[in-house]
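Asker: Sequence:
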Amino acid sequence: MNDSSRQPNHGTGLLGPNFARRNRAHPTTKTEDPGRWVALDESGWDGDQLYGWPRSRYLSIGTVAISDDEAAPIVEEIRTATRLQAAEVKFSKAFTGPRNGPRRSVLAEMLAPGGVLNDRSSVYLIDKHYFIVGKLIDLFVEEKETKQGRDIRNTDQARQMARGLFAEGPRALGPEFFGRLLSTTVAFAAAKNHDRNVTVDDFHDVVEEAWTRSTRRKVTDALAALRTTKKEAEEYLQDAHGPDAVLGQALEPLIPATAAIIGNWSRKLGRVNFLLDDQRSMTDTNLDLIEDEARGRSHPEFRYLSHGVHLGELLRGSSKEHPSLQLADLVSGAGYAVAERHDGQANPAGDDLFEAVVPLIDQAGLLSHDDPGRVAYPEARYVG
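So that you can map any letter, position 231 of the sequence shown is 333 in the numbering used here, and since no number is skipped, the others follow by simple counting.
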């Protein structure tokens, strides 16, 4: 019997019916399709498992506004300058480690002002730990406030609450217990909790203890609001894992981030077409969701947020066939190396590339502050 889950799909290395649509086999070109092509790849993805060793703290999404016919000579230039013989140019295989400084200097020159990739590249960083805190507010506090007729999202109250809890949480609760709050949130809200091993009571017991421990007002106030959301937590489990589940990927950052990135590039360039690396989380259904989000169809009440966004194609492809995706891989890998350095981890690639990469960091990324320039410096780490 033929197993449909193992069926190959033209234009991608991903197998099965979840990846049968939205594939691009042939090269993208500058003139063939209306609008500019933008290639996207990520580094540091862990799905919705956002916390705990050995998982990375940051997710880096690299984009390059370039078509394959434009990218091919640049890839060959990199290959020649770095003496690479591999079939694909990959950051993780050729630009990391202490011995690849000369290769990184080639990439840094291309990313720096005046370089061939500078004005067409962007790095969208996601601090996964901050993303978890944001989801605490988004899924539970904001949900309750909305029911009561209060809008804390568009008044910026939700974001400020999340930033206060994130910034002062380790000091208010102690680093270890703050880490426990994050890990319990992930265990409760992640898709793998479909069997409900982590109950509403388990989750709220940790919230309650955090509230009693808190020594700082911003943290205490946020937790005071959160501790009253037991009903919303129960509803969340039903919505995420019930027969009509709609929130099964609530902790997957790649989906909303990609929609945001599409909006950012479209407002800059006009009509855009996106080619994404064939990453397993990017199923046809998820690409449909991203398109709906980018076009303002997911939440009609917030359609104004998609004003000025013009999305043409949204497709996936294999980096073996698309040199534009190889360049996006280099940008995302460079961003990830710089983010690791910022997280206080020794990283020769981050040391060599931060001066070129930091100016490319999108200010609208999911960081706990509005100053991407801070990523140029290692920050103090809390141990959770």
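No wet-lab data here; the hints were simulated from the structure.
Be a bit skeptical, because a hint or two may be false.
Simulated pairs of lysine-lysine, DSSO-like, Cα-Cα distance not exceeding 30 Å [stated by the list, open to error]:
1) Lys249 / Lys333
2) Lys294 / Lys237
3) Lys195 / Lys132
4) Lys132 / Lys332
5) Lys294 / Lys370
6) Lys370 / Lys192
7) Lys237 / Lys332
8) Lys333 / Lys195
Asker: Can you give the numbers of the hints that this structure goes against, from lowest to highest?
Answerer: 4, 5 and 8
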